[in-house]
Structures are given as structure tokens and as C-alpha cells.
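Peer 1: Residue numbers (the working numbering), protein chains in the order written: chain Y, 7 to 364; chain L, 7 to 364; chain A, 7 to 364.
Just so you know, the hints here were simulated from the structure itself, not pulled from any lab data.
Hints may contain errors.
Copies of the same chain are indistinguishable here, so a pair counts whether it falls within one copy or spans any two.
What the hints assert, rightly or not - Straight-line alpha carbon distances no greater than 27 angstroms define the calculated DSS-like cross-link-like pairs of lysine-lysine that follow: (1) LYS346 to LYS52; (2) LYS338 to LYS140; (3) LYS319 to LYS140; (4) LYS111 to LYS155; (5) LYS8 to LYS346; (6) LYS102 to LYS319; (7) LYS102 to LYS268; (8) LYS105 to LYS335; (9) LYS60 to LYS346; (10) LYS335 to LYS319; (11) LYS140 to LYS52; (12) LYS308 to LYS52; (13) LYS8 to LYS155; (14) LYS338 to LYS53; (15) LYS105 to LYS346; (16) LYS105 to LYS18.
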Amino acid sequence: MKLSELSVELSKRGFPAQVDGEDIDVRAVNTLDSAGAGELSFLSNKKYVSALSKTKAAAVIVAEDMQVRKGLSAIRCADPYAGVTVAIVVLHGYRKHPKWGVSGKAAVHVTASLGESPNIAEFVSIAADAKIGKNVTMYPGCYVGERVKMGDDCVLFPNVVVYDDCVLGDRVTVHAGTVIGQDGLGYAPVGEKWIKIPQVGRTIIGDDVELGANCAVDRATLGETSIGDGTKFGNVMVIGHGAKIGPDCMFVGLVGVAGSAKIGRHVTIGGHSAVNGHITVGDNVSAGGMTGLMQNVRDGEKVFGIPAVPVEKALRNAATAVDLGDYAKRIKQLERELAKLRDQLNRQGEVDSTSDQE
Amino acid sequence: MKLSELSVELSKRGFPAQVDGEDIDVRAVNTLDSAGAGELSFLSNKKYVSALSKTKAAAVIVAEDMQVRKGLSAIRCADPYAGVTVAIVVLHGYRKHPKWGVSGKAAVHVTASLGESPNIAEFVSIAADAKIGKNVTMYPGCYVGERVKMGDDCVLFPNVVVYDDCVLGDRVTVHAGTVIGQDGLGYAPVGEKWIKIPQVGRTIIGDDVELGANCAVDRATLGETSIGDGTKFGNVMVIGHGAKIGPDCMFVGLVGVAGSAKIGRHVTIGGHSAVNGHITVGDNVSAGGMTGLMQNVRDGEKVFGIPAVPVEKALRNAATAVDLGDYAKRIKQLERELAKLRDQLNRQGEVDSTSDQE
Amino acid sequence: MKLSELSVELSKRGFPAQVDGEDIDVRAVNTLDSAGAGELSFLSNKKYVSALSKTKAAAVIVAEDMQVRKGLSAIRCADPYAGVTVAIVVLHGYRKHPKWGVSGKAAVHVTASLGESPNIAEFVSIAADAKIGKNVTMYPGCYVGERVKMGDDCVLFPNVVVYDDCVLGDRVTVHAGTVIGQDGLGYAPVGEKWIKIPQVGRTIIGDDVELGANCAVDRATLGETSIGDGTKFGNVMVIGHGAKIGPDCMFVGLVGVAGSAKIGRHVTIGGHSAVNGHITVGDNVSAGGMTGLMQNVRDGEKVFGIPAVPVEKALRNAATAVDLGDYAKRIKQLERELAKLRDQLNRQGEVDSTSDQE
Numbered sequence: 007m008k009l010s011e012l013s014v015e016l017s018k019r020g021f022p023a024q025v026d027g028e029d030i031d032v033r034a035v036n037t038l039d040s041a042g043a044g045e046l047s048f049l050s051n052k053k054y055v056s057a058l059s060k061t062k063a064a065a066v067i068v069a070e071d072m073q074v075r076k077g078l079s080a081i082r083c084a085d086p087y088a089g090v091t092v093a094i095v096v097l098h099g100y101r102k103h104p105k106w107g108v109s110g111k112a113a114v115h116v117t118a119s120l121g122e123s124p125n126i127a128e129f130v131s132i133a134a135d136a137k138i139g140k141n142v143t144m145y146p147g148c149y150v151g152e153r154v155k156m157g158d159d160c161v162l163f164p165n166v167v168v169y170d171d172c173v174l175g176d177r178v179t180v181h182a183g184t185v186i187g188q189d190g191l192g193y194a195p196v197g198e199k200w201i202k203i204p205q206v207g208r209t210i211i212g213d214d215v216e217l218g219a220n221c222a223v224d225r226a227t228l229g230e231t232s233i234g235d236g237t238k239f240g241n242v243m244v245i246g247h248g249a250k251i252g253p254d255c256m257f258v259g260l261v262g263v264a265g266s267a268k269i270g271r272h273v274t275i276g277g278h279s280a281v282n283g284h285i286t287v288g289d290n291v292s293a294g295g296m297t298g299l300m301q302n303v304r305d306g307e308k309v310f311g312i313p314a315v316p317v318e319k320a321l322r323n324a325a326t327a328v329d330l331g332d333y334a335k336r337i338k339q340l341e342r343e344l345a346k347l348r349d350q351l352n353r354q355g356e357v358d359s360t361s362d363q364e
Numbered sequence: 007m008k009l010s011e012l013s014v015e016l017s018k019r020g021f022p023a024q025v026d027g028e029d030i031d032v033r034a035v036n037t038l039d040s041a042g043a044g045e046l047s048f049l050s051n052k053k054y055v056s057a058l059s060k061t062k063a064a065a066v067i068v069a070e071d072m073q074v075r076k077g078l079s080a081i082r083c084a085d086p087y088a089g090v091t092v093a094i095v096v097l098h099g100y101r102k103h104p105k106w107g108v109s110g111k112a113a114v115h116v117t118a119s120l121g122e123s124p125n126i127a128e129f130v131s132i133a134a135d136a137k138i139g140k141n142v143t144m145y146p147g148c149y150v151g152e153r154v155k156m157g158d159d160c161v162l163f164p165n166v167v168v169y170d171d172c173v174l175g176d177r178v179t180v181h182a183g184t185v186i187g188q189d190g191l192g193y194a195p196v197g198e199k200w201i202k203i204p205q206v207g208r209t210i211i212g213d214d215v216e217l218g219a220n221c222a223v224d225r226a227t228l229g230e231t232s233i234g235d236g237t238k239f240g241n242v243m244v245i246g247h248g249a250k251i252g253p254d255c256m257f258v259g260l261v262g263v264a265g266s267a268k269i270g271r272h273v274t275i276g277g278h279s280a281v282n283g284h285i286t287v288g289d290n291v292s293a294g295g296m297t298g299l300m301q302n303v304r305d306g307e308k309v310f311g312i313p314a315v316p317v318e319k320a321l322r323n324a325a326t327a328v329d330l331g332d333y334a335k336r337i338k339q340l341e342r343e344l345a346k347l348r349d350q351l352n353r354q355g356e357v358d359s360t361s362d363q364e
Numbered sequence: 007m008k009l010s011e012l013s014v015e016l017s018k019r020g021f022p023a024q025v026d027g028e029d030i031d032v033r034a035v036n037t038l039d040s041a042g043a044g045e046l047s048f049l050s051n052k053k054y055v056s057a058l059s060k061t062k063a064a065a066v067i068v069a070e071d072m073q074v075r076k077g078l079s080a081i082r083c084a085d086p087y088a089g090v091t092v093a094i095v096v097l098h099g100y101r102k103h104p105k106w107g108v109s110g111k112a113a114v115h116v117t118a119s120l121g122e123s124p125n126i127a128e129f130v131s132i133a134a135d136a137k138i139g140k141n142v143t144m145y146p147g148c149y150v151g152e153r154v155k156m157g158d159d160c161v162l163f164p165n166v167v168v169y170d171d172c173v174l175g176d177r178v179t180v181h182a183g184t185v186i187g188q189d190g191l192g193y194a195p196v197g198e199k200w201i202k203i204p205q206v207g208r209t210i211i212g213d214d215v216e217l218g219a220n221c222a223v224d225r226a227t228l229g230e231t232s233i234g235d236g237t238k239f240g241n242v243m244v245i246g247h248g249a250k251i252g253p254d255c256m257f258v259g260l261v262g263v264a265g266s267a268k269i270g271r272h273v274t275i276g277g278h279s280a281v282n283g284h285i286t287v288g289d290n291v292s293a294g295g296m297t298g299l300m301q302n303v304r305d306g307e308k309v310f311g312i313p314a315v316p317v318e319k320a321l322r323n324a325a326t327a328v329d330l331g332d333y334a335k336r337i338k339q340l341e342r343e344l345a346k347l348r349d350q351l352n353r354q355g356e357v358d359s360t361s362d363q364e
């Protein structure tokens with residue numbers, strides 16, 4: 007595909023772009039380091055600007071004001087990251103799934119219903135009274151529990167488990183090994199024993215949600231654990247029972263959200279973070295990696311640290327934390343010097359009062 | 007069921023209760039926010055007291071001294087959380103599993119033995135010489151290794167894996183995707199290479215243990231990794247080889263316990279915490295979320311923080327940590343002022359000595 | 007096997023050893039606490055020296071200068087940990103896998119190719135155009151995607167998933183539930199929506215790699231996520247898209263590595279740690295548990311803490327952190343005392359200047 011054709015595709019999707027240099031053909035997208043003949047690359051993170059000067063890519067997508075070396079063709083647009091996304095979609099497309107129809111080696115309960123164009127692999131189990139939308143793909147080893155409702159165009163990668171009564175919207179993608187709707191950690195303490203509380207709620211996953219691999223999203227004790235439309239999770243997210251997560255959120259990886267936490271819309275949480283139970287995190291909050299959200303966070307706040315504080319403050323705190331032992335020394339030094347000074351002052355005072363008395 | 011009948015059920019189970027208001031019928035339990043006609047709710051966490059005043063529930067379970075609005079029927083008892091547990095058990099009951107008998111699509115080795123009333127789903131594999139107790143349910147995709155011993159009344163949700171030679175007690179419940187008995191991270195370093203140490207130990211899970219989804223419990227190098235009777239895990243717990251965890255513990259989620267750690271009985275550990283290898287954590291210890299247990303902890307201690315310290319101290323530490331950058335400034339300010347004071351004092355001293363010399 | 011024969015085995019493998027005491031027969035290796043008649047134990051971690059004096063083991067492997075009680079036979083060698091590794095290998099050997107051949111209940115696509123001596127269990131799926139080396143074992147429930155390439159002598163424990171196009175070297179061992187090659191968290195933000203970037207890269211796992219249970223290793227957006235030869239992971243490692251991990255590393259458990267991080271060779275990372283995206287961690291770096299590697303780390307550094315700093319500094323920081331609230335008090339106390347001193351000094355100065363004026 008010619009760069010000019012690709013530019014048209016970008017512009018059509020709302021990212022006006024133009025070719026700078028020769029209008030060559032590209033057939034694939036690759037990283038600056040690895041791209042070679044016929045391959046298109048991109049620069050979005052300024053960190054990699056030195057890789058830009060050395061790339062063997064045939065052409066690059068860059069910002070409008072980014073300099074490229076002479077002879078290297080470029081597509082220029084305001085947001086190169088969006089631009090390369092379009093280029094990957096156009097040149098590579100999304101994954102094509104194997105076609106199984108309904109495999110003779112799947113186990114679909116007679117009372118389960120499948121919509122049009124099912125694509126159900128071998129060793130998938132679909133339990134009684136499950137209702138599956140049209141054009142749903144399930145890779146081998148998935149389990150869909152009794153009375154589960156699933157919308158259209160969902161994709162479950164291998165070994166995904168959806169417990170009984172849970173609900174998935176349309177166009178939900180779940181990566182391998184993720185579990186939806188297992189019992190929450192609900193026990194009443196009686197002496198030192200834990201009496202299990204039946205977890206009679208369920209989990210509801212909105213439209214266009216994508217969950218990474220090996221996540222675990224509890225069902226609710228009562229009512230619902232929910233994940234809003236358009237929210238994206240990385241791998242190994244652990245969501246406690248009764249948590250409500252808004253639409254269009256993005257959580258990176260190894261994030262734990264404790265039970266009954268309420269998270270607003272368009273919240274981003276960096277990897278290895280934790281959200282306390284029963285707290286409210288507002289809309290458009292952004293939390294850095296390794297952050298501990300212990301208390302409510304207001305709309306639009308950017309927070310970081312353990313415990314989480316506004317990010318500028320957190321960075322100052324972190325800058326202190328790395329030298330904490332030195333500060334302790336300085337405090338001790340201050341105490342010693344202050345004591346000395348006090349002594350000196352007192353001695354002088356005595357001298358003074360002595361002289362006064364003279 | 008009438009509130010009065012439910013009160014009798016509570017009292018029978020050791021939670022004396024009485025009806026306050028009209029003795030109406032309830033058919034289900036729900037949260038204060040979601041409950042409607044015919045539904046019973048409850049207040050246990052004071053945080054939700056405003057939800058109590060607005061609930062559309064037909065009745066509520068509350069503490070003896072909790073005020074409810076006029077016309078709202080209540081069951082009053084000392085421990086409303088225990089009370090609602092009983093109500094959920096009585097009105098909803100525990101999950102009823104599908105009935106598979108021994109599915110023709112399961113693979114049970116001829117030398118494996120199954121107790122009475124097996125309930126083994128399609129795509130379950132049970133390997134040679136495994137001994138399974140009576141009334142055991144295994145959902146699709148479970149794997150039970152060679153020579154595994156499993157007690158009665160166990161439930162393995164989909165895709166649970168139990169490695170060879172491990173032992174599960176009676177009434178063990180394991181949620182989907184959890185792995186028991188994989189090799190520990192045991193290697194002898196030789197130069198920069200890692201020589202694998204055969205992990206010839208096993209994992210022993212006590213009676214009445216419940217493990218959440220996607221946990222990983224190593225087998226021991228030698229001897230046993232063990233989890234005591236009645237212990238409950240949330241999701242994604244990672245237990246290192248040779249760790250010994252006592253009975254009646256509760257770990258929340260994303261907790262890592264390093265190899266050879268010894269944890270006493272009735273220990274609770276909040277989410278996203280870590281326990282160092284080879285340390286001893288006493289009985290009845292309670293650790294907050296995001297806590298790093300680096301050293302031994304004595305019986306009965308309540309700890310929090312990274313590194314873990316007694317919780318009151320940890321809260322004071324955290325209150326300082328959030329303003330750490332400011333404290334650094336104050337230290338610098340102190341140093342400046344102290345220097346100034348010292349100068350001033352020295353100058354004055356000179357003045358004094360000057361006047362002395364006069 | 008006689009101790010003298012075992013000593014010969016150790017010496018042959020590069021760990022010169024000799025028998026001290028009676029040359030008895032041993033048949034198994036066990037821990038100091040659990041070993042009994044006919045069993046060999048060992049002391050490597052000095053922490054357990056008291057267990058050595060009480061052990062009922064028939065013999066022990068110990069360092070050359072370690073005292074053992076009279077009558078207890080010993081094999082002495084410079085590195086008892088390496089010694090016991092050899093002893094376990096010789097006396098117990100590595101796990102023997104069940105033999106399935108190619109199970110009639112596996113689903114191997116007609117275009118997939120299997121090398122010599124395949125050992126493919128029931129309920130394994132191998133997709134189109136996959137190329138599997140010789141002598142590969144796959145336990146039940148594994149899924150190997152389209153066009154995957156896998157070397158010789160690999161072992162996939164139950165329910166391992168390898169996505170399309172990924173590559174595994176020779177002698178790779180993957181524990182149960184681990185997922186290789188799922189899509190990375192790659193989205194272009196457009197307003198509050200997230201537009202999925204097709205993840206067209208792949209994951210490459212080197213020779214002799216061992217991965218624990220329930221890990222998740224992303225494929226790359228473009229190019230490769232890679233894990234070098236000889237690297238070993240514990241459980242629940244989460245590796246972001248495009249990360250490059252060198253050879254001979256060891257990561258303990260619950261470690262998250264964010265996208266595009268570059269980690270050198272022979273890097274060890276303790277449990278519950280996190281590596282920031284796009285940073286470079288040098289060769290031979292060692293990071294303690296619960297460490298946050300936020301910025302580049304130079305070759306050979308030993309780091310610890312959140313954020314990571316050199317370990318001696320981190321330990322001083324931690325020693326301060328546990329008393330942080332007290333330090334805050336001391337700062338306030340210093341401020342009060344300094345103010346008092348200043349007052350006193352000023353008053354004295356006034357007195358002085360008053361007397362000057364007299």
C-alpha cells in the first residue's frame with residue numbers, strides 16, 4: 007500500500023495526515039529497531055528519538071514537527087500513536103480466529119441456546135440454560151455456567167471460565183485463563199471459624215470490555231459486581247465482590263480492587279496497585295503504578311504512591327523517600343547541634359547574668 | 007418466609023433475634039441500594055447508614071440499638087452480619103452444582119478410584135492411582151494428577167489442577183483456574199546457571215479449606231507445603247514451596263507467601279501483601295492490605311505497612327509518609343535556621359567576649 | 007545408596023565431597039525436621055542450625071567446617087545446597103510424566119506437525135500449522151495456537167495456553183495455567199474511548215526456560231516480547247508487551263514487568279516487585295522483594311525498596327521508615343525548640359544591646 011493511500015485511510019478515520027518525501031509502498035508495520043525494507047515504523051514516545059535516526063524502516067509515521075533524516079519517507083499527523091494504530095489495522099488487521107462451527111467435541115447442554123454463526127471449539131462446555139448471542143467465538147477449554155447470558159460478537163480465548171448466572175454484553179473479549187463470577191471471599195466470623203455466606207449475586211460485564219489473561223472477577227454476595235462498557239484490563243486483575251467499575255477504565259496489570267469499591271468512569275490505574283474496599287474513586291482519576299488507593303479519590307485527581315496522594319506531591323515524597331536514612335541522620339545531627347547551641351546559649355546567658363550581677 | 011420464622015432460624019443457630027415491627031413475608035436478601043418489595047436487607051457496616059434510611063427493602067436486619075424509619079420492619083440481633091449470613095443460607099441456600107455422574111467425556115484412569123456419588127464433568131482428567139472420596143464434584147477441565155488423594159465432599163470448579171501426589175482433605179472447595187502442587191522455584195545456582203532441584207515434596211490441603219480463583223500453591227522441595235483446616239483464600243494467592251499455613255486463616259487477594267514461611271492459626275492478611283521467606287508469623291496475627299511482612303511477627307500482633315509494624319504506629323508512619331516531601335523541606339529549613347542562630351549566637355558571643363575584653 | 011557412592015556422584019558433577027563418619031546407606035532426601043531412618047538431610051541456611059542438632063536423619067550434607075553431633079554421618083562439601091541438589095537428582099530423579107502417546111481424545115489439527123515420540127494428553131488442542139519438536143509432553147487442557155513453533159523436549163503442564171505464532175525453544179517447561187502470547191494492553195486513546203491496536207507481534211521463549219503456574223506473558227504489539235535462554239520464573243509473573251528479558255534470570259512470584267522494559271542477563275527479582283515500562287535493567291542486577299524499579303538500573307546493582315535504591319541505602323531507609331511517625335514528632339520538637347532558642351537568643355541580644363546602649 008502506498009503511503010498516500012494510507013494517509014487517506016488515516017484522514018478518513020479522523021487523523022488528518024500527509025506524506026512527506028517519496029510516496030513509497032509499505033506492506034507491514036514494525037518497531038524502529040526491527041523494521042526493514044518495505045516496513046513502516048513510527049515515533050510517538052520521544053524517548054526513542056535516537057532509534058528514529060538509526061531505523062532501517064522504509065518509512066515512518068511521526069508528529070508534524072518531528073525531524074527525520076533526509077531520504078526517509080514520512081507520514082505526518084498530529085497523533086502518531088493513533089496514526090500507527092490505523093496503519094496496523096489497515097495493513098495487518100485484527101486476529102482471524104480458527105473456524106470451528108460447533109465442534110463435535112464441545113459439550114453444549116441441550117437447554118443452552120446459541121445465536122447465529124457460533125464458533126465453538128472442542129472441549130468447550132456450555133451449561134444448562136445459557137443464552138449465547140450470535141457470532142460468538144469460544145476457544146478450547148472454556149466453561150460457560152448455567153444461565154449465563156452472553157451478547158453478540160464475544161470472543162473467549164482458551165480456558166476462560168464464566169460462572170453461573172453472570173452476564174456479558176456485546177463484543178466482550180476475554181483472554182485465556184480469566185475467571186468471571188467465582189465466589190467472593192464472604193464469610194461471617196464466628197469465633198475463629200469462618201461461616202461461608204452464599205454468594206448469590208452475579209457479575210455483569212458491559213459491552214466492548216476486554217479482559218487480559220488470568221484475571222479473577224468475583225461475583226457479588228448480593229446484587230452485582232460490574233464492569234462498565236468499554237473498560238479494558240491487562241492481566242491478573244483481581245476484582246472483589248460487589249465492586250463497581252465504571253465505563254472506559256483501563257487497569258494495567260496485577261491490580262487488586264477490594265470488595266464494594268466504587269470506581270468511576272475513565273479511570274486509569276497503573277500496574278501493581280491496590281484499591282481499598284468500600285471506597286469511591288471518582289471519574290477520570292488516574293493512578294500511577296504501585297499505588298495504594300486507601301481512601302476516596304475525587305474526580306479528575308492524578309494520584310501516586312502508597313498511600314496515594316496527588317502525583318506532584320507523591321513525586322516529592324518519593325524523592326525524599328529514597329534518601330530517608332540520610333534525613334534521619336540529619337534530624338539526629340540537628341538534635342545534637344540544637345542541644346549544643348542551647349548549652350552554649352545557656353552558658354552565655356549565665357556569663358551575661360554573671361556580668362549583669364557584677 | 008415470615009420474619010418471625012427467620013428469627014427462629016437465627017436463634018436456633020446461636021444468634022438470638024427478634025422482630026421489631028410488622029411480621030411480613032420476605033423471599034430474598036439484597037443490598038440496601040437494590041432491595042425492593044419482598045426483599046430483606048441488612049446494615050452491618052456503619053458506613054452505609056444513609057443507605058438504610060433510603061432503602062426500599064421490605065425489612066432489614068440491624069443491630070439491637072440501630073434506629074430504623076417508622077414502618078420498616080426489622081429483625082434485631084447482636085451481630086447483623088452473622089444474621090444476614092443465616093438469612094441468605096435459609097432463603098437462598100448454597101450453589102447447586104450441575105449433575106454429571108461420571109461424564110462419558112471425562113478421562114478417568116482405570117487405576118484411579120472414585121468414592122460414592124461421583125459428579126465428574128466432561129473434559130476432566132483423573133490420572134493413575136488417584137484416590138477420590140465420595141460425593142466429589144469436578145467441573146469441566148479439571149486435572150487431578152497421579153496418586154493424588156482427595157477427601158469427601160470436595161468441589162473443584164473448572165480448570166483446577168492438582169499435581170501428582172498432593173493431598174486434599176474433606177470439604178475442600180477450589181475455585182476455577184487454581185493450581186495446587188506445581189514445582190517450587192528451587193534451583194541451585196552454579197555460576198550464572200540454575201540447576202533444577204527436583205521438587206519431590208507435595209502439597210497438603212486441610213479439611214474445609216476454600217481457595218479462590220487462579221491461586222498457585224507450590225509443592226515442597228522436600229516434605230510438604232501445607233494449608234491448615236478451615237483456611238480461606240481469595241483469588242491469586244501465591245504460596246511458595248515449603249510454606250506452612252495454619253488453620254482458620256483468611257488471606258484476601260494477590261498475597262504472596264515466600265518459601266518456607268510459617269504462618270500460625272487464624273491469621274488474616276489483607277490484599278496485595280507479601281510474606282518473606284523463612285519467617286514465622288504467629289497465631290492470630292492480622293496484617294492490613296499492602297503490607298510487607300519482612301520479619302517474624304509475634305502472636306496476636308496487628309500489623310500494617312511496608313515494612314510491617316504495629317498498626318497504630320503504621321498509621322502514624324503513613325500520616326507522615328503522605329507529607330514526606332514537606333518534612334524534608336522542614337528539615338532543610340531547620341538546618342538553615344539553626345545555622346543562622348549559630349552565627350547569631352557566635353557573633354553575640356564575640357560581641358560579649360569583645361565587651362569582656364574591654 | 008552408600009554415602010561414599012553419593013560422594014562420588016557429587017565429585018563427578020564438580021562438587022568434591024567426602025564422607026565423615028560411618029558409610030551408611032540412604033534411600034531418600036528429606037528436611038532436617040522430617041527426615042528419619044534411611045533418610046539424608048542437609049544444612050545450607052545457617053538459620054536452621056538448631057534443627058541440625060535435633061534431626062533424626064541418618065546422615066546430612068554439610069559444609070566442610072560445620073560441626074555435627076557425634077555418630078551422625080556426614081557428606082562434607084563446599085556448597086551443601088548444590089550437594090543436596092545432586093543427592094535429590096540421584097536418589098529421587100525428576101518427575102516421570104504419564105505416557106499418553108497421542109491421546110485419541112486430543113484434537114491435533116491435520117496441518118499441525120508433531121516430532122518424534124510425542125506425548126500428548128487427552129483434551130489438548132493443537133491448532134493449524136503448529137510445529138512441535140520431538141519428545142514434547144503436553145498435559146490435559148493445553149492449547150497450542152496456529153503457527154506456534156515449539157522445540158524439542160518441552161513440557162506443558164495442564165491448561166497451558168500458547169497463542170498463535172509464538173515460539174518456544176528446546177527444553178521449555180511451563181507450569182499449569184500459564185498463558186503465553188495473549189494480546190498486550192495496546193489501545194490508542196481517542197477521547198475517553200480506547201481503540202484497540204492489533205497486537206501483531208509475538209512472544210519468544212528461549213531454551214531451558216521454566217515458567218511457574220498462572221503466569222501471563224504478553225505478545226508484542228510489533229516485533230517480540232522475549233524471555234532469554236535459561237531464565238526461570240515462579241508463579242503469576244505478568245510480563246507486558248514488548249518486554250525483553252535476558253537469559254538466566256530468576257523472578258520469584260507476583261512480579262509485574264511493564265511493556266517495553268529491557269532486562270539484562272542473570273537478573274534476579276524478589277517476589278511482589280514491579281518493573282516500570284520502557285526502562286533498562288542491567289546485567290546481574292538483583293532486586294529484593296516488594297521492590298519498585300522505577301528507573302534504569304546499572305549493571306551489577308543490588309537494589310531494594312519502593313522506589314528501588316541500592317540495598318544498603320534501602321535498608322537504612324527502611325529502618326527510618328518504620329519509625330517515620332516518631333521522626334515527624336522529632337522534627338516538630340526541633341521546630342519548637344529552635345523557636346524557643348531563637349526567642350531566648352533574641353531576648354538575650356536585646357538585653358545585650360540594651361546593656362550596649364547603657
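Peer 1: Give a verdict on every hint.
Peer 2: Taking the hints in turn, this is what the structure says about them:
no., hint, in the structure
1, LYS346 to LYS52, "neither (53 angstroms within a copy, 45 angstroms between copies)"
2, LYS338 to LYS140, "neither (70 angstroms within a copy, 66 angstroms between copies)"
3, LYS319 to LYS140, "neither (50 angstroms within a copy, 57 angstroms between copies)"
4, LYS111 to LYS155, "both (22 angstroms within a copy, 25 angstroms between copies)"
5, LYS8 to LYS346, "neither (79 angstroms within a copy, 71 angstroms between copies)"
6, LYS102 to LYS319, "neither (46 angstroms within a copy, 51 angstroms between copies)"
7, LYS102 to LYS268, "neither (36 angstroms within a copy, 30 angstroms between copies)"
8, LYS105 to LYS335, "neither (67 angstroms within a copy, 64 angstroms between copies)"
9, LYS60 to LYS346, "neither (62 angstroms within a copy, 55 angstroms between copies)"
10, LYS335 to LYS319, "both (23 angstroms within a copy, 12 angstroms between copies)"
11, LYS140 to LYS52, "neither (43 angstroms within a copy, 45 angstroms between copies)"
12, LYS308 to LYS52, "within (22 angstroms within a copy, 29 angstroms between copies)"
13, LYS8 to LYS155, "neither (45 angstroms within a copy, 33 angstroms between copies)"
14, LYS338 to LYS53, "neither (41 angstroms within a copy, 34 angstroms between copies)"
15, LYS105 to LYS346, "neither (83 angstroms within a copy, 80 angstroms between copies)"
16, LYS105 to LYS18, "neither (31 angstroms within a copy, 54 angstroms between copies)"
The earlier numbered hints that this structure contradicts are 1, 2, 3, 5, 6, 7, 8, 9, 11, 13, 14, 15, 16.
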